[in-house]
Amino acid sequence: MGNKQTIFTAQQLDAYQDCTYFTRKEILRLFDRYRDLAPQLVPLDYTNHPDVKLPYELIGSMPELKDNPFRQRIAEVFSEDGEGNMTLDDFLDMFSVLSEMAPRDLKASYAFKIYDFNNDDFICKSDLEKTLNRLTRNELTEDEVRMVCEKVIDEADLDNDGRLSLEDFQHMIVRAPDFLSTFHIRI
Amino acid sequence: MTRTNLPGDARERITRRSPPRNVAGVMMMRMRVRTRLPRRSEEEQPIRRKEAKPRTVMRRTVMQTKERRGRREERKEGRRRRTVRLSLQQTHSLHSPFPICLFCSSSSDSNSNSDEEEESMSEGEMARLMEEVEEKKKLIANIRNKPWRMKRRLVHLKEAQQFVDKFEGALGKGKGRKWYAYKVMMTKKWIKFQRDFENFRTACIPWERKIKEVESHFGSSVASYFIFLRWMYGMNLVLFGFTFGLVVLPEVLMGLPYGSIPRKTVPRAEQDTAQDYSVLMDFNGYCKYSVLFYGYYNSQRTIGLLKFRLPLSYLMVGIGTFGYSLMVVIRTMAKNADVGGGDGEDGEFTFAWKMFTSWDYLIGNSETADNKYASITTSFKESIVDEQENQKDENIHLRRFLRVLANVMIICSLGGSGYLIYFVVKRSQEFANRDDLSWYEKNELELIMSLLGLVCPPLFETIAELEDYHPRIALKWQLGRIFALFLGNLYTFLFALFDEVNTKLEEEGSIRNASIWAMKEYYANFTRAINDTESTPPPMDPADVIRGPCWETAVGIEFVKLTVSDIQVSYLTILIGDFARAVIVRFLNYCWCWDLEAGFPSYGEFDISGNVLGLVFNQGMIWMGAFYAPGLVGINVLRLLSSMYYQCWAVMATNVPHERVFKASKSNNFYMGLLLLILFLSLLPVVYTIMTLPPSFDCGPFSGKPKMFDVIMETIDLDLPAFMGTLFSYAANPGLIIPAVLLMARDEEKNRRNNTDSTNQVMKDLEDLLPNRSLAPPPVPG
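Top line first, the protein sequences correspond to chains S and D. Numbering-wise, the UniProt record's numbering puts 137 at position 137 of the first sequence, and it's gapless, one number per residue. Numbering-wise, the UniProt record's numbering puts 244 at position 244 of the second sequence, and it's gapless, one number per residue.
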């Protein structure tokens with residue numbers, strides 16, 4: 001331990017500690033993970049904020065994400081350009097929200113964004129269908145998919161507009177007993 | 001890329017001077033200039049900052065004090081107020097998530113009265129400013145909870161920090177200023193210290209990599225057992241620290257050594273066999289007369305140069321063990337409580353939850369992922385079928401009869417197991433008088449108890465097939481029965497033990513007389529032999545003194561033997577049930593008629609429920625036995641440590657992920673609730689013995705006293721000043737104590753009820769504990 005690292009300035013590390021749920025050691029470890037994805041692209045000195053983005057393919061190949069059916073959506077939601085190419089800030093942000101210290105409401109709002117495939121701030125039927133097909137790897141018949149999506153909208157849509165807004169989603173998800181334990185990535 | 005959080009140096013200022021990218025930057029510049037140079041006019045100044053160093057509160061305070069001394073106080077204050085007011089307005093003009101608009105509207109009102117209020121330092125505005133600073137501080141503390149992009153967070157963080165830094169120096173007036181600035185500095189140092197300490201603490205958490213590996217292969221439910229195990233290890237480590245540091249170490253370092261007094265010496269009769277392995281394995285011989293057990297400790301009021309009061313420390317550590325455990329369990333429950341889900345009904349959001357919370361993001365292994373996909377698909381199909389199908393008609397009477405029958409059978413088996421234990425304990429008392437015992441007869445009690453714990457739960461499950469309950473309800477019954485089994489066994493064991501204790505106490509009376517006679521006889525012989533009545537005889541050799549039965553050590557030995565046999569049985573079960581099975585399946589598969597891996601018996605799945613319950617009940621035994629055998633906590637620490645490595649290896653090498661991969665509920669409150677219950681139940685026997693039973697007359701730290709807690713009375717009388725004694729005697733009035741205890745109990749119950757999850761949450765936890773009793777049958781292979 002100690003202040004021997006030269007990657008970040010002390011203020012940067014403090015700012016990161018204030019903005020994420022990570023401790024100093026974890027932030028440095030995350031930086032190492034980020035750098036391991038592409039050592040030739042990521043410089044060792046972040047004191048002058050280099051503008052480095054890692055392409056989505058590298059992010060999606062991380063062991064924590066590679067088996068996740070929603071990894072593309074996760075990367076898109078947390079990346080600045082919306083394409084899945086992540087800077088270090090985005091990388092830290094992503095794992096901070098997905099860590100076990102993040103509160104329920106924060107996770108719920110990001111989960112909503114992840115499941116909103118067309119980015120229109122509503123989870124509509126097509127979003128639900130896409131989610132379901134990813135979850136079951138297209139093993140359900142069309143009728144079954146349609147039925148499930150209708151049931152979900154029935155259950156969760158409070159303002160009766162045929163799609164789920166953020167409030168509907170949050171109202172439903174904060175009552176789910178498993179949400180916090182499943183929407184969690186340990187790194 | 002925006003340069004947002006550079007350190008305060010020249011580069012920053014230059015960057016800021018170039019076209020400001022955000023309004024905020026410009027405003028901050030203006031504000032800064034104004035507080036620095038109040039005499040200038042209040043237009044925007046080019047940046048001519050007085051200081052080139054980063055601001056600290058002290059420096060700013062000092063500089064402001066200097067300025068103040070140079071001018072008339074009124075005018076300066078007027079200017080400052082105006083600048084402050086204006087700056088408040090300006091911060092309001094920032095687009096803002098900052099909830100300071102409230103203050104700004106009122107500040108613009110006060111603008112009109114400004115001229116009249118110039119004379120006095122407007123306290124209202126100071127208060128408002130202080131509130132705003134507090135708001136900014138709160139923002140800084142909560143900024144990680146906002147759903148913003150990291151960049152935006154960093155920008156706002158920097159702004160808020162600068163605002164706080166600047167205005168904190170402006171607050172505090174007159175004589176109070178230096179104290180205020182000092183207070184602020186100390187707060188900053190404290191926050192920094194807390195952060196460093198948090199960092200250090202997180203770095204100390206062991207086994208993080210191991211648990212992550214298990215998690216990615218098996219899902220979060222299996223990993224939750226290992227997280228629980230780690231938590232238990234931490235708690236036991238602290239308990240061990242207390243016991244070792246405050247009881248064992250003083251006795252070893254400052255007390256009398258082995259062999260000096262009777263209680264610390266092996267009796268003459270046993271000395272030949274005291275080193276035998278078999279005797280040591282039974283915790284007799286040298287083991288019995290060591291620091292491991294109660295009987296070794298001396299009852300001298302103070303020992304050593306430091307006048308350490310060992311008997312008092314022993315009692316306090318014993319009680320403190322329970323107090324600390326209680327505190328830790330409740331605190332963990334409270335922390336987990338806000339993580340638990342709300343009050344959702346069973347069927348309210350079935351499909352929505354299935355869709356959005358069924359994928360476990362922790363999975364990092366393709367085989368587990370495949371299993372997960374399959375189980376999600378099956379679960380959806382079942383729910384769809386359930387939706388479409390109607391309920392079948394049932395034959396109610398047959399069902400009821402079968403349920404009653406099943407309950408009768410289970411009560412019979414519970415009663416049978418209780419009686420079996422009682423019988424075995426009585427037999428072990430008879431065995432204690434004989435010498436020619438086989439290994440089985442010596443360890444019969446512990447073996448029977450462990451085997452009952454192994455055999456009965458599957459038996460209950462089989463009988464419960466008769467009942468045909470909804471799986472969740474069946475789970476509840478199953479767990480209730482296992483609990484009753486363990487509890488019944490433990491308490492039967494305790495009652496039998498108490499019988500033994502009472503026998504020993506009766507024996508004590510006669511032995512005491514016998515030992516006094518023996519002493520007199522020894523002196524008489526001595527004087528006769530020497531023929532000189534004036535010289536004092538040397539004291540009797542400690543090994544020859546007749547000993548009392550020392551019931552506390554006997555009880556301690558029983559608990560230690562029970563724990564050790566529990567450890568042995570559980571390790572053997574893993575070795576045979578999991579490892580041998582895996583080896584057989586793997587290697588016999590080459591020459592067997594059917595596919596061992598796919599069909600029967602295949603590889604085992606990790607039994608979460610069995611392991612968790614085992615851990616909880618083991619801890620209960622430790623709590624009960626720790627008062628009589630201080631070494632027991634150390635044994636438990638070693639056990640948990642080795643268990644962690646052993647079980648991690650076993651699970652990775654010999655188990656396969658569950659076919660239906662279950663997500664554990666994040667709140668382990670079910671385990672904690674069980675632990676709390678066991679804590680109370682193990683508290684009772686110990687408290688009973690401390691309050692009612694007389695300690696042995698010749699062994700242990702309380703020997704010679706009528707009751708164990710008399711040590712406290714003695715300390716109050718002799719060590720504390722006189723008035724405290726009278727104070728305690730008034731406080732010890734039952735009229736005060738009983739309401740206090742009731743109040744505490746009621747508060748705690750209220751606390752727990754607020755923290756405990758709804759039934760639904762508990763049921764979810766139950767489902768995860770016994771995965772075989774899932775809501776739906778396992779998927780059809782192929």
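Read the hints as simulated data drawn from the structure, not as lab findings. Each hint should be verified, as a subset may be incorrect.
Said to hold, decoys possible - Dumping the calculated SDA-like pairs for lysine to any residue here, alpha-carbon to alpha-carbon at most 20 Å:
1. D:K335 <-> S:H184
2. D:K158 <-> S:E100
3. D:K210 <-> S:K125
4. S:K107 <-> D:N199
5. S:K125 <-> D:T350
6. S:K25 <-> D:K335
7. S:K66 <-> D:K335
8. S:K151 <-> D:D566
Quick caveat: nothing in here was measured; it's all calculated off a predicted structure.
Here is what the structure says about each hint:
no.: 1; hint: D:K335 <-> S:H184; result: holds (17 Å)
no.: 2; hint: D:K158 <-> S:E100; result: violated (26 Å)
no.: 3; hint: D:K210 <-> S:K125; result: violated (41 Å)
no.: 4; hint: S:K107 <-> D:N199; result: violated (24 Å)
no.: 5; hint: S:K125 <-> D:T350; result: holds (17 Å)
no.: 6; hint: S:K25 <-> D:K335; result: violated (24 Å)
no.: 7; hint: S:K66 <-> D:K335; result: violated (32 Å)
no.: 8; hint: S:K151 <-> D:D566; result: violated (50 Å)
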